[in-house]
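Residue numbers (my numbering), protein chains in the order written: chain A, 1 to 163; chain B, 1001 to 1424.
Incorrect hints may appear among the rest.
[Claimed, not checked] What follows is a list of derived Cβ distance ranges for each label pair:
hint, chain 1, residue 1, chain 2, residue 2, range
1, A, Y46, B, K1147, 39 to 45 Å
2, B, D1224, A, E113, 55 to 61 Å
3, B, S1070, A, P114, 47 to 53 Å
4, A, A21, B, F1155, 20 to 26 Å
These aren't lab readings, by the way, just hints derived from the structure by calculation.
Built from N, CA and C at the ideal position, the CB exists for glycine as well.
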Amino acid sequence: MTSSATTELAFSSATEKAFAATLAKYPNPRAALLPTLRLAQEEFGYLSVEAMEYVASRLDLPPSKVFQVATFYTMFFKRPHGRHHLEVCTSVPCCMMGGYEVLRHLRDRLGVEPGDVTPDGRFSYAEAECLAGCGHAPLLQVNSEYHEFLTPEKIDALLDSLE
Amino acid sequence: MERILSANWTVSGAHTRPVYEQRGGYQSLRKALSMDGAAIIDEVKRSNLRGRGGAGFPTGIKWGFLPRESDVPKYLAINADEGEPGTFKDRFIMELDPHRLLEGCLIAGWTLGLRAAYIYIRGEMKLGAQRLDAAIDELYAANLLGKRILGRDGFDFDIYVHRGAGAYVCGEETAMIESLEGKAGQPRLKPPFPAVVGLFGCPTVVNNVETIACLPTILERGGDWFAAAGSDKNGGPKLVQISGAVRRPGCYEAPSGVSLRDFIFSDEYGGGMRDGRKLKAVIPGGSSCPPLSADELDVGMDFDQMREKGTMFGTGGVIVIPDDVCLVRMAARTAHFYHHESCGQCTPCREGTGWVAKILDAIEAGHAKREDLDLLLEICDNVEGNTICPLGDAMAMPIRGYLKKFRADFEEHIAHGACRFPAW
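With these hints in hand, go ahead and build the complete structure from the sequences.
Structure below.
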């Protein structure tokens, strides 16, 4: 892959260490693709074409294989998202337990549609399929943390607490 | 009732090795190391342990498909991709009692002569992944993982955590293997089955988190004890979950075969309906299971009794739907889920799940005709059984169930040209 040679993207030294540890877990580099895409997303914010090409070069894979995998999984972001990305479960049973009310409340509070980023870059939010928190509905996940049994007051307090 | 699988959930620090060991942890592994693999497989067969990821296949028999001798390494792949709506039990095990799962992996590794275990955990479950990683580090430090485990020559075993990245279909075992290999999670044609050609082309046994977490108890108390702790052919205590319009939603441990009615209404479990609402339908085992109506609750919660009722026990995720919720909308939401999660490689599933979702949306919006109900059933027939994996079936079965048991609700929408329930 030649285009990756011209890109300026590179892992930080901390990410390099994590990348080496990841490679050691698998008998071949291809198997490390999902965790390496996650490292790239954490490092670069989202998976731009350049970021995906960089991952391809690091694992010696054709970029097309990396694009295919990055677009298959919903947790890989192909465009920028907010500093805090909120995912609201609206699957069965959350749909009947207030999941859509949470989504509407976020739209009212943040003034943008799902998938879009607030002008200050602080927030984005999306509808998620089952987050395995059905007993604690309605719920959302942000920064890998679950917030459960949500009410409008709890959502407001949560938004205020996120810089 | 004595809690077994969830005994550590209320103990502070039980996710760490010192506390887990204080409470008897890793004694079952030591016992296993004094037995040969065949004797352990025999205990597991006697225990009537059945796969707790949804299919209910007897674990001992599944293990028997793995070749004894192999020139290449044999692997264990733990299915921790818990994503079936209504299901949230494995998350508790991994966050609160990760060593129970790891001890089970070690017992399976010794029993079956495996090289390593990969735990495929949902990408969303960061805390579970962190707790597992920390617990694995503790085990390497104590010679409970790595080379010559506890001084046993030839017992070399590693455990790795592999995080998914958001795809329900990766809960299907061959899609999970594809994903572990760094590919899109598209299920493989079978045969060959994973026991013969699995992860990295090697023989692989795939088991659910809760299934493997039962092994320390089976070793400790014996297969006969475990079998007696459940119902006929359904061994052991079971983690069952309840969500929806009940007073006490959550994950509970109950004997296999407990009555569904008791589970919903007893104060020990679901606590009955919340806010004076009335029960309309129950999904007994995760969203792919056909619903039961309010007069069908006197059934034991195990794989065989639920099948006799025309539904499934699945993952044991009970979803309670009250009568102020529109069932057409629930059916549509279910179809949209499976459409969203279809991997796209089989036409009947890729197209059929979308068509069903669109027709259900039209019924809900009051734009449908009576013939559309038959069209729905026809599409379900054309999806079911015509795909590589059961994801399409998982859409067809509940939709057909809603239509069979609650057809009047659908007809009312068509006759009135509208839904009488308030918007979500």
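Practice task
Tell me, in ascending order, the numbers of any earlier hints that this structure violates.
Solution key: Per hint list: zero violations.
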